[in-house]
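J.: Spelled out from the first residue to the last, the chains are:
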Amino acid sequence: MDDPLYREEILDHYYSSPYRGRLERADHACDLDNPFCGDQIHVELAVDGDRIKDVRFDGKGCVISQAATSLLAERLEGATVEEALGLGPADVVKLLGMPLTPTRMKCGLLGWKAIRQALTPKDVTA
Amino acid sequence: MDDPLYREEILDHYYSSPYRGRLERADHACDLDNPFCGDQIHVELAVDGDRIKDVRFDGKGCVISQAATSLLAERLEGATVEEALGLGPADVVKLLGMPLTPTRMKCGLLGWKAIRQALTPKDVTA
Amino acid sequence: MADVAAVRGTGLDVSRVRADFPPLAEEVRPGVPLRYFDSAATALKPAPVVEAVREFLADYPANVHRGLHVLSERATEAFEGARLKVAAHLGVDDPAQVIFTRGTTEAINLVARSWGRMALKPGDAIVLSELEHHANIVPWQMIAAETGAVLRYVDLTDDLEYDLDSFDRLFDDGRVRMVATTGMSNVTGVRPPVEEIARRARGRGARVLIDAAQSLAHEGLDVVELGIDFAAFSGHKVFGPTGVGVLYGKRELLEAMEPVLGGGNMVLRVERDRAVWNELPDKFEAGTPPIAEVIGLGAAIDYIESLDAEAVARHERGLIEHAHATLGAVEGFRLLGPSDTAGKGPIVGFTLDGTHPHDLSHLLDRHGIAIRAGHHCAMPLHTRLGIPASARASFALYNTKDEIDRLAEALGSIKTMLRRR
Amino acid sequence: MADVAAVRGTGLDVSRVRADFPPLAEEVRPGVPLRYFDSAATALKPAPVVEAVREFLADYPANVHRGLHVLSERATEAFEGARLKVAAHLGVDDPAQVIFTRGTTEAINLVARSWGRMALKPGDAIVLSELEHHANIVPWQMIAAETGAVLRYVDLTDDLEYDLDSFDRLFDDGRVRMVATTGMSNVTGVRPPVEEIARRARGRGARVLIDAAQSLAHEGLDVVELGIDFAAFSGHKVFGPTGVGVLYGKRELLEAMEPVLGGGNMVLRVERDRAVWNELPDKFEAGTPPIAEVIGLGAAIDYIESLDAEAVARHERGLIEHAHATLGAVEGFRLLGPSDTAGKGPIVGFTLDGTHPHDLSHLLDRHGIAIRAGHHCAMPLHTRLGIPASARASFALYNTKDEIDRLAEALGSIKTMLRRR
Ligand SMILES: Cc1ncc(COP(=O)(O)O)c(C=O)c1O
Ligand SMILES: Cc1ncc(COP(=O)(O)O)c(C=O)c1O
Chain A
1 MDDPLYREEI
11 LDHYYSSPYR
21 GRLERADHAC
31 DLDNPFCGDQ
41 IHVELAVDGD
51 RIKDVRFDGK
61 GCVISQAATS
71 LLAERLEGAT
81 VEEALGLGPA
91 DVVKLLGMPL
101 TPTRMKCGLL
111 GWKAIRQALT
121 PKDVTA
Chain B
1 MDDPLYREEI
11 LDHYYSSPYR
21 GRLERADHAC
31 DLDNPFCGDQ
41 IHVELAVDGD
51 RIKDVRFDGK
61 GCVISQAATS
71 LLAERLEGAT
81 VEEALGLGPA
91 DVVKLLGMPL
101 TPTRMKCGLL
111 GWKAIRQALT
121 PKDVTA
Chain C
1 MADVAAVRGT
11 GLDVSRVRAD
21 FPPLAEEVRP
31 GVPLRYFDSA
41 ATALKPAPVV
51 EAVREFLADY
61 PANVHRGLHV
71 LSERATEAFE
81 GARLKVAAHL
91 GVDDPAQVIF
101 TRGTTEAINL
111 VARSWGRMAL
121 KPGDAIVLSE
131 LEHHANIVPW
141 QMIAAETGAV
151 LRYVDLTDDL
161 EYDLDSFDRL
171 FDDGRVRMVA
181 TTGMSNVTGV
191 RPPVEEIARR
201 ARGRGARVLI
211 DAAQSLAHEG
221 LDVVELGIDF
231 AAFSGHKVFG
241 PTGVGVLYGK
251 RELLEAMEPV
261 LGGGNMVLRV
271 ERDRAVWNEL
281 PDKFEAGTPP
291 IAEVIGLGAA
301 IDYIESLDAE
311 AVARHERGLI
321 EHAHATLGAV
331 EGFRLLGPSD
341 TAGKGPIVGF
351 TLDGTHPHDL
361 SHLLDRHGIA
371 IRAGHHCAMP
381 LHTRLGIPAS
391 ARASFALYNT
401 KDEIDRLAEA
411 LGSIKTMLRR
421 R
Chain D
1 MADVAAVRGT
11 GLDVSRVRAD
21 FPPLAEEVRP
31 GVPLRYFDSA
41 ATALKPAPVV
51 EAVREFLADY
61 PANVHRGLHV
71 LSERATEAFE
81 GARLKVAAHL
91 GVDDPAQVIF
101 TRGTTEAINL
111 VARSWGRMAL
121 KPGDAIVLSE
131 LEHHANIVPW
141 QMIAAETGAV
151 LRYVDLTDDL
161 EYDLDSFDRL
171 FDDGRVRMVA
181 TTGMSNVTGV
191 RPPVEEIARR
201 ARGRGARVLI
211 DAAQSLAHEG
221 LDVVELGIDF
231 AAFSGHKVFG
241 PTGVGVLYGK
251 RELLEAMEPV
261 LGGGNMVLRV
271 ERDRAVWNEL
281 PDKFEAGTPP
291 IAEVIGLGAA
301 IDYIESLDAE
311 AVARHERGLI
321 EHAHATLGAV
331 EGFRLLGPSD
341 TAGKGPIVGF
351 TLDGTHPHDL
361 SHLLDRHGIA
371 IRAGHHCAMP
381 LHTRLGIPAS
391 ARASFALYNT
401 KDEIDRLAEA
411 LGSIKTMLRR
421 R
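Residue numbers (my numbering), protein chains in the order written: chain A, 1 to 126; chain B, 1 to 126; chain C, 1 to 421; chain D, 1 to 421.
These are calculated hints, taken from the structure and not from any lab test.
Warning: the hint list may mix true and false statements.
Stated by the list, open to error - Taking lysine to aspartate or glutamate and the EDC-like style, the derived pairs with C-alpha atoms no more than 20 Å apart in a straight line are: (1) B:K113 - D:E279; (2) A:K113 - C:E279; (3) D:K121 - D:D172; (4) B:K106 - D:D172.
Stated by the list, open to error - Covered by chain B, according to a simulated footprint, are these stretches of chain D (three or more residues, beta-carbon under 8 Å): (5) 75-83; (6) 121-129.
By construction, the Cβ of each residue, glycine as well, lies at the ideal position given by its N, Cα and C atoms.
Assemble the whole structure, with the sequences as input and the hints as a guide.
T.: Structural data, given as structure tokens:
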């Protein structure tokens, strides 16, 4: 009955992500929550020029929402802002290594949305 | 494809009822209509003591509503008011000689309702 | 059936279509096959629609939205998949503009109440016509009474067609905020010129709602191309199940509008004394939606789209022309509305001299022929016609000219039978 | 199934009942049978309900009311027959007091809006509790905002039970006009003392509405004996189809209330600028009703009444007691609400330490086990509990103790699997 979505690697990202925590100085940050399951995510990014130097997150929620955020943080450290904004839901699924059902997608994309929102120039934010 | 409901006798009551018309002096009268099909009925009764002497009706509508009223008029001439008020939907069906579907029942009972209403003491009418 | 072969040539295999609708193969009484001319009241349901509903109820009857088990995921996928189908059918990219309701009636009420409360001020005018079904009259009367707005009716021509000159005059004082019109009269089949109506109304700053309850069973509706603000239709009249309908609305309007029903799913957050509304379309879909019904509607849209629309239109045009010719030849037959078939759909409203529509419908049933009799929820039209009731034979893609011939014959024989002796 | 034989002795043949619900014989994945513990979201549908819906759609899919052909007469008879069945089930003589809606949500909205507009003045109070589903909160918030009425919440005891002392205190100023309460919490299964609530509310001149959405799947509701003013429930939670629900109302109230939706059937007469309402129940049933769905609901009522109600209650009591004992033994399992099963229905709201309800539900699905996770449309209750979400296993007459054992095992293995390494 094991679910490959909940494999060792994902649980590691959930329980002991190296990206969990706060930055000394963040250039961008965003708080998001999903009222339907109570998941909360806080992300912070430090940017140097157009390059993402550091990502940290904090939050409470299900394995999927927290691990996906950690995987994204890992993926984005060292990437450009443009690259980060170019990532889509499919990339998050790829990082998780497993397809998500539509309902679970909402969990999986919470961190992605928060990062996107943090990096989006404020006057463009809807 | 003939329908026994629309037999000769019923059509006679529809086209040339001896009860169609007005009374010189009516003791009770009532106008009713069924907005759904536009059927209209006007009934008049002359009463002597507790006995119904004369019944007349007038109206426009389908064969069933008009013929049923005529049949009722025939049945009630000479009857007591009590007897008239004792008649129920089943008696109307018996007069028509054929069961009616629920929808047609509304046509069949228009005259019956009008007569009932005409004979019901006004302070009791709902 | 004489005309099946002929029609086949046009791209619609009517005998195959008929096989999809079980009642058409039935006898209503021994030896009396069904002739169904009551599709304007509700259309028959093709087998795939029945099966889609059955399958949901029997195999995966789970609630939608946020269920994490297999049954619920399957139900959610089928449910939201149907929304995509409806959106595509209406030419809409954004499925959040498709709101599921119980039917046309609820959809129009939603607009009248929610948009009306937001937009209408005393003296503002709502333009209707006497062609409208009560569903497109009474909700406007109710909101008019509440807001102080007034109703204005477009005149009809002598042929009972929408009079665009009269329409124009209603705008003289600049108070018209809404034009709500049927896409097809359910009594006469008359099709108001919705493109032109929409164009002129928009040009004068009025919103446009199309009641597509009748028209969508016969022709497509591209709400974006028409540039209309709202459209409403019912599942059961487009070969889908009962219990479901659709409201299309422009996003900017739907977003500005307040919800009408409160409850689960339409909220993001509920505190003791306040709630925060959810996004579209959920904001307008309080409570458990009609899940089986929405899925069935999706199957109905699939069914319609599986057919050659042009061929269906040609077939239906053939039916209405044949009906006008054949029924018109029956002694005492009086057609309601235009005799020219160009501006109308496959609906024949009529009276038969000396015969009450109720008797007619009752006696036609003895011939296995199903029509409607009454005011068809269009009393203002009947008031104008000066008759309390009429008879209506309405056709759909599964009817044949042969069946119409049977109707003409039956009318003749009933007329004889009811002749005053 | 170990307990089937035992239960048989009580008058409910559970294995026979199970055979009526097709999904219970299915595997959700090869080798993984379905264990359905999500009946509080929507109940599975027994074969006769599925068949009643299918039969209408396939064989006699006609519109009801005033159709004069065979199909329509048959549809009308089945439709109105279902109304009689519902009325009888609620202990009501007069079927006109049974209004068909889309569901509980629409039914409560109808009362809140129509009765509320008529009866509520600024400062009047509506009494709710934190046990309520959003369907019995948000409509009252909306009408309170419109009328200036206020909401008051009954306190819950530490066990999350309805506190009658707190209830009494809410009446001190004599401003309470309505008490709306659930018959059974959809999160914890807690059953407020509706008889006592109704008695006390009535004695103080307040109206009473019972949200029977959950309770009616488990126990009867005699609205006349209770003397309540309104009751609401949904077809889909009592083994019926989606798309249909019921509002019961006292005749004198329903007659005084204004309709909420305008359209066909709810009017006797429509003129250009005004309409005359129809009688009950039609006044509140605008448009084509959910015909297939009402007929299916009738079949569901027949199904419930075909079973021995006492035996069903005993079986369900056995289930909830077993669930409390078995699940309670799982490490980290925390029950929400009272541990005493006497005052509750067969619903287990819970959390599992260190496990998010969403992960739990997701992983239980791998075991074929269907539960719900989330706030269950009861945010105020979750706010009080200080948790954003919970897990819920809900049982119905077709569940077995054996299935509950599988749930307990699965919870244990998930706890192990998710253990921090
Ligand atoms: C207690 C309670 N009330 C109301 C509702 C709403 O019912 P529906 O969604 O069928 O309108 C539900 C179920 O969701 C419920 O559990
Ligand atoms: C033109 C028109 N509008 C609205 C309606 C109402 O549709 P429904 O009864 O499905 O809500 C109908 C059908 O009855 C109709 O023909």
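J.: Does each hint fit the structure? Answer for all of them.
T.: Okay, the hints, checked on the actual structure:
no.	hint	result
1	B:K113 - D:E279	holds, 16 Å
2	A:K113 - C:E279	holds, 16 Å
3	D:K121 - D:D172	holds, 18 Å
4	B:K106 - D:D172	violated, 51 Å
5	75-83	holds (count 3)
6	121-129	violated (count 0)
Consistency with the previously given hints fails for numbers 4, 6, ordered from lowest to highest.
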